[in-house]
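Chemist: Make the full structure from the sequences, and use the hints.
For the record, the sequence lines run as chains C and U.
If you count the first sequence from 1, position 195 lands on 195 in our numbering, and the numbers rise without skipping.
If you count the second sequence from 1, position 311 lands on 311 in our numbering, and the numbers rise without skipping.
Calculated from the structure, these hints are not laboratory results.
Some hints could be false.
[Claimed, not checked] In silico contact screen, one side only, chain U against chain C (beta carbon under 10 Å); selected entries:
| hint | residue |
| --- | --- |
| 1 | ILE2 |
| 2 | GLY62 |
| 3 | HIS68 |
| 4 | THR84 |
| 5 | PRO86 |
| 6 | ARG88 |
| 7 | ARG95 |
| 8 | ARG102 |
| 9 | GLY144 |
| 10 | GLU176 |
From the three backbone atoms N, C-alpha and C, an ideal C-beta is built for every residue, glycine too.
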Amino acid sequence: MNPALHTASAAERPSPVVADPDRDGSTFGGAVSSELLKLAALRTAWVLSVITLVLGVLVAGSAAFSYQQFTAGTEFDTGEPLQLASQGMTGSYFAMILLGALGVLTITTEYASGSIRSSVTAVPQRSRLLAAKALALAAWTAVVTAAMILLSHIVVALITEPVGMTDVVADAGIAGMYAATWASVVLTVLMGFGLGTLLRSSAGGIVMLAVILFVVQIALTILWSITNGADWTQTLLQLEYMSLVGQFTEAGDGQMPGMEPLARWQAGLGILVWTAVPVLAGWMSFLRRDV
Amino acid sequence: MITAENLRKRYGAKTAVDGISFQLSPGQVTGFLGPNGSGKSTTMRLAVGLDRPTSGSITIGGRPYAQHRAPVHSVGAVLDAGATHPGRTGRQHLRVLAATHRISRGRVEEVIELTGLEAAASKRIRGYSLGMNQRLGIAAALLGDPAVLIFDEPVNGLDPEGVRWVRRLARQMAAEGRTVFVSSHLMSEMAQTADHLIVLGRGRIIADAPLQQLLNDDGHRVLVRTEQAAQLMNALSASGVTIQHRDAESFEITGVDPRSIGRRALEVGAVIHELTPLHSSLEDQYMKLTGEHVEYRSGALHTAEAAHPVEETRP
Ligand SMILES: Nc1ncnc2c1ncn2[C@@H]1O[C@H](COP(=O)(O)OP(=O)(O)OP(=O)(O)O)[C@@H](O)[C@H]1O
Ligand SMILES: [Mg+2]
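Modeler: The structure is reproduced here in structure tokens:
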């Protein structure tokens with residue numbers, strides 16, 4: 001080989017820079033922190049979270065106040081701390097729809113803006129991307145919901161006699177009810193996320209979520225009354241999402257008279273199924289469809 | 001570095017990419033040309049796994065993009081300027097992408113500086129101009145210092161300074177040994193940037209050749225000036241040869257190479273004082289190549305253009 005020639009051709013043709021498929025770099029943890037950064041940069045996430053906190057505490061405060069003003073010491077006063085605390089949790093319904101909407105929006109705003117293409121280019125392993133999104137979202141809303149529950153509890157404990165400040169851990173019934181409420185909200189958020197992934201539309205996802213949360217129960221109740229309480233309508237009513245949430249938190253909400261409530265684990269399983277269906281369907285569609 | 005094999009993509013009844021195969025080498029800029037809707041963007045989306053091929057494959061470094069363990073270090077892609085969230089700032093957008101590969105904040109600042117986005121980086125993307133969006137897209141593509149760059153119409157919306165900057169960037173990246181794949185409608189732009197061209201028409205490859213070859217490949221059009229024009233024209237006429245009279249002493253001839261013209265002139269004793277191979281511009285070549293493959297044709301415009309044919313240029 002002629003060394004001079006070799007040098008000349010080397011100067012002309014640079015040594016190629018090759019893409020190494022096995023080079024390390026992308027990690028699941030990285031994807032999760034990227035998703036957390038996105039949430040923190042999303043104004044809607046802050047707005048919805050703050051509204052959830054404020055509404056939750058206001059609702060808890062007014063429930064506690066009205067108990068203290070009008071019920072305490074009357075014949076309706078059971079003095080049951082669990083019942084009081086669970087009335088203080090009425091705000092969790094707002095949390096479900098507001099944070100659930102955030103669940104829808106975290107993915108649909110990416111489609112609406114086109115930033116999903118940047119996201120998928122940076123994390124082309126789609127299951128990893130979706131799991132990172134779900135985890136970041138769940139972490140964010142878990143913290144917000146926990147804060148809401150804690151603040152609501154403090155407000156209720158401050159205002160009412162029977163509920164004590166330490167009952168949040170000391171009273172197993174109350175602690176269990178809080179934990180179930182917390183889990184229900186986070187699962188509802190994931191259901192919203194699944195619906196958003198499936199429908200790719202903010203309006204579609206939020207409407208669908210609202211239908212599942214509020215409309216199904218009304219529709220079934222109407223059906224129940226026009227069929228004069230047929231058994232199958234009773235069964236449907238018991239397996240409907242919000243009634244499952246009610247049975248899971250054991251607040252007794254959405255229970256039709258004369259029905260044996262499900263055990264907590266059964267109700268929890270029911271909620272899981274309700275959540276899993278849109279999440280799995282969304283996941284499958286995300287794997288298959290073009291971005 | 002980028003290899004497509006029988007790559008095909010159908011959207012419903014529409015075949016956007018129709019079984020194309022090509023290979024891009026590192027160290028050069030490959031231009032990707034074609035009329036509107038010919039499938040350039042689709043091919044690029046397939047390359048980074050945004051769309052799934054209907055059949056066939058496109059790989060980078062021997063593996064589909066989605067199977068790279070550090071995709072951002074393998075490929076930097078600017079597919080469309082709008083792939084950002086309007087509510088985020090430019091810097092937040094870059095940090096979000098950097099986080100996926102644990103790329104440092106220092107590198108984010110580096111690419112901001114490199115793309116001249118310092119002033120805009122803390123503003124919300126909502127307020128960005130098209131050019132600022134393009135620069136942000138390029139900044140994002142450069143984040144991972146990738147081996148392969150894929151730019152879909154990167155100069156779209158850039159000012160002249162920006163156009164020159166992109167051209168130099170592409171050249172420099174190729175000079176460093178990277179694979180650079182740039183799509184464009186602008187022939188003039190490609191003539192100055194690309195080493196190699198792939199021309200698409202209706203989802204099929206109609207040319208895949210070095211730039212120089214495409215320019216030369218012009219059926220031997222030669223300008224001849226001679227004192228005995230009529231005599232030489234006579235001697236050269238044959239089937240497959242077209243002769244276009246210019247003036248008393250000159251004509252253009254297609255179908256015979258300059259060497260044969262010289263010989264023939266010697267035989268008939270014609271005195272030649274110019275014998276020039278003519279190159280059409282890339283623009284002409286491109287029009288000729290894609291003429292029959294254009295899908296979306298503009299309506300006829302009765303402008304002065306027809307009266308002023310584009311000047312021939314030598315590269
Ligand atoms: N998601 C899609 N759904 C349906 N058809 C599509 C889709 N994407 C592209 N097409 C069609 O595929 C064809 C190729 O489109 P593509 O965007 O790849 O062309 P292009 O060469 O990039 O054009 P341009 O120069 O205008 O950017 C077009 O006819 C387009 O209508
Ligand atoms: Mg295009």
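Chemist: The structure should be examined with respect to each hint, and the outcome stated for every one.
Modeler: Status of the hints after comparison with the structure:
1. ILE2: holds (9 Å)
2. GLY62: holds (7 Å)
3. HIS68: holds (5 Å)
4. THR84: Since the shortest Cβ distance to chain C is 5 Å, the answer is holds.
5. PRO86: holds (6 Å)
6. ARG88: Check passed: Cβ of ARG88 (chain U) comes within 5 Å of chain C, closer than 10 Å.
7. ARG95: holds (6 Å)
8. ARG102: holds (5 Å)
9. GLY144: holds (7 Å)
10. GLU176: holds (6 Å)
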